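Once you've looked at the hints, dock chain B against the given chain A.
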Amino acid sequence: MEKYKVVVIGGGPAGLAAALESFKSLDDKKVLIIERDKFLGGILNQCIHPGFGLHYFKEELTGPEYAHRFIEQVIESQIEYLTETHVIDITPEKEIVAVNKKGLKRIKTDAIVFAMGCRERTRGAIMTPGTRPAGIFTAGQAQRFINIEGYRIGKKAVIVGSGDIGLIMARRLTLEGIEVKAVVEIMPYSTGLRRNIVQCLDDFGIPLLLSHKVVKIHGKYRVEGVTIAKVDSQLQEIPSTERFIECDTVLFSVGLIPENELSKKAGVVLDSKTGGPVVDNTFSTSQKGIFACGNVLHVHDLVDNVTKEAQTAGRYAAIYSQYSELFENNIHINIVAKEGIRYVVPQKLNKNFVQPFVLRFRVDNFYKDAVVTISNAGKILIEIKKSILTPGEMEGIEISQKILSQLEFSNDIVVSLQNI
Amino acid sequence: MSRIYDVAVIGAGVVGMSILRELTRYRLKVCSLEKMEDVAEGASKANSAIVHAGYDPIEGTQKARFNVEGNNIFADICNELDVEYKIIGSLVVAFDDHEINVLEELLQRGKRNGVKGLEIKSQEWVFANEPNLSRNIKAALFAPYSGITNPYKLTVALFENAIQNGADVIFGFEVCKIEKDGDYFVVHSTDSRFIKTRVLINCAGVYADEISKLAGAKLFKIYPRRGQYYILDKPEKMPVTRVIFQVPTEKGKGILVAPTVDGNVLIGPNSEYIDDKDDTATTQKGLDEVFEKARKVLPNLSKRDVITIFSGIRATPDTHDFIIEEDEDVKNFINVAGIESPGLTASLAIGRYIAGLVSRKLNAKKNLNFNPYREDIKRFSKLSNEERERMIKLYPSFGNIVCRCELVSEYEIVEAIKRGARTIDGIKRRTRAGMGRCQGGFCLPRVMDILSRELKIDKTQITKFGKNSYILTEKRWED
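Sequence lines, in order, name chains A and B.
With the first letter of the first sequence counted as 1, position 174 gets the number 174 in the UniProt record's numbering; the numbers rise by one all the way through.
With the first letter of the second sequence counted as 1, position 7 gets the number 7 in the UniProt record's numbering; the numbers rise by one all the way through.
There are no misleading hints in this set.
Restricting the straight-line Cα-Cα distance to at most 30 Å, the calculated cross-link-like pairs of lysine-lysine (DSBU-like) are:
(1) 230/A - 285/B
(2) 467/B - 155/A
(3) 378/B - 105/A
(4) 288/A - 237/B
(5) 296/B - 216/A
(6) 220/A - 234/B
(7) 368/A - 385/A
(8) 102/A - 393/B
(9) 467/B - 29/B
(10) 285/B - 181/A
(11) 386/A - 338/A
(12) 418/B - 86/B
(13) 265/A - 378/B
(14) 288/A - 234/B
(15) 456/B - 155/A
(16) 303/B - 273/A
(17) 475/B - 156/A
(18) 220/A - 459/B
(19) 385/A - 308/A
(20) 264/A - 303/B
(21) 102/A - 459/B
(22) 418/B - 101/A
(23) 237/B - 273/A
(24) 378/B - 108/A
(25) 38/A - 382/B
(26) 108/A - 393/B
(27) 418/B - 102/A
(28) 293/B - 216/A
(29) 101/A - 393/B
(30) 273/A - 230/A
(31) 378/B - 38/A
(32) 293/B - 230/A
(33) 265/A - 234/B
(34) 382/B - 265/A
(35) 273/A - 293/B
From the derived model, a few chain B residues whose C-beta atoms are all more than 12 Å from chain A:
(36) 27
(37) 69
(38) 116
(39) 275
Hints in this document: simulated from the structure, not taken from any laboratory.
These numbers were taken from a predicted model, which means no experiment stands behind them.
Don't be surprised by glycine CBs; every beta carbon is placed ideally from N, CA and C.
Looking at chain A on its own, in the form it has when it is part of the complex:
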């Protein structure tokens, strides 16, 4: 059985950054990346639009360019990687069983980093009624067919969901000569970035229909159209607001779900809000020596944040693999999301590693002029005023050494939202 110090599962942006950071921190540089696809880079390979790297590299890159910078470093460092290799099992003893065309591989490692990313929610998951003809895609499928394989997927499309991916695909389809009839959003607001609404919809005259949903898909063999309707504040269809839109293609861009099937097999405790593992500030999961980062942990808006988070996870994985005794007597305090906050990551602070970290969170609704507070033992540690907060935008607050020094470790850290 081959032995490694750190094995990273997933060769997308999170996996690449975690592997590089582990590699740097290790004396015995036995790091392995296991990737399912033919190439490293993950979904970034099909995101050929610009806008990546503004924070991390201070320049605007496409997805493949962003990924390439890390892939180059991985190759230069001679970090080992396997592609077209699928992990089928992980034991709590950190034995990994992976499979590829050469056979089954059993790997023993001191630490594991989960970086498996996420999958898309589908039409079935949101239970959109109607028939099931050809011409119904997730945004990611469409992106792959168009950007990587060079096919046109239809002539007239309706896009469901106005998050960044939906918006970007509206522009992409238009540039490919596919008429986008509308972007349909069930919420009264878009969860996409303002700049994407302007650059992807407004600039091309594509209507954004807020508080609308597709109530029926029509068509026997290929999509023939959709019926849309307005919804009320309970997201229920308002009678007699139905309207038919003729189209041959429907794209669903209705959210992402962290891909945690392996985490479940490994016995990792998951957070019902994020869909990813519960982690502490070392990005350690409930299973000792298993770390998690990137979209498998919680779905990010910006790859730049994924990279930073993955670097921390990779570094602690390397520390664990060399000095696991440091993690022996972990004492945690909980970091709890209260009023207005949907979730926080990390969900715990490890008393053995009281180091500055970024607390990331999402709010549960659209808020104007609100204050985010972080408190502990009835004492407010941080107060930050925000003019706008939306569930679509992940927030981050730096927890500095100074704040950490004021903590009372017998109490939870509470993150909440107050109106001004």
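The following block gives chain B in isolation, referenced to the frame of chain A:
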């Protein structure tokens, strides 16, 4: 094209394929005519997948007879064909005294139909054995020999075995005219092909009334009756371990909650008469009705676990019973029509019965080469690691996982194509690629790569399920 057969079966659903396979036990030249590009494209792909015990149908009916006979032989045939079949038992749950009386009626009827092992169980028994069920349940009828299977895989297996034993299946053959030429029927398709056959069997599902009319045979009416379903993601622990029915009404057996043989949870169906025989749309109203009624039985049901929704159409005859008979006026024309529930259960017994009838009629000799066994594709997901390693040594593509939700390998997809899959849905039904929680989000492009390579066709020619169901519309650039 002209081919001459002893027997032709119209419709390649589970009933048609069962008859076809049973006919290959005799020295007869037989074929099936199917208007779609694959088998199981109608009711056989979208139903509750239940093998019923036989207490529902009224005694003396064809339904009662073939239900009980079908249940008795189901395990053996699934065993021959390497198809999943699990006898898990069923409960009909009653919420009040009136419903308990119905259970008593079902019990008596079941006994008269010859169903074994029926028992009315107390509330305590129900909660001890199915702890997630509603506390409002007062009693339940337990049928130990109810089972679950995979209806489209069964149809595929019957098809493969019939082909192995010498039958033909002609796809894309939409019957539009039936004439008589001496002892033969001449059966024409919309694309001007025709075949000749001595015996013609009508298994055309919801269209069986129209086929009977085309043949100049008995007039009856098939009413399409739609049922909607939810499929839930594979739970870590099944919320129910048996098929849970509610007390039947005049509209049918009502909403059930059941495990599937693949480890998912199935909920449905409701029942509504519709105008269009092909209208397999789901509706908000129908879906809401199904979920609400299922929740009555299983209060903790969550929509968060839904991975897909679908509907199926029952072929409900105006005669209120299966129509299984040679026509009085048109000799050698046999209707096998109105096969609604318990049609899946009955299908295997109907196959035997019809093949027996036809062989006697044609004085056919036994086919001594008949091989009842068919082996399923080797499934990565079902093997031990040692067996996987052995398979990968023989077939490296067995180590290439294409569908990650269901752990389907490239080998399985290639094998499905070799055995007749031509479409995305054909591969999905044979291998489960695309049936998992991501519903093909990841594997659809990969399955298309393999289809394109194996069939040597451009990806723009690949359809979801035949005709105009193209996935891609145009190639924009060459690699």
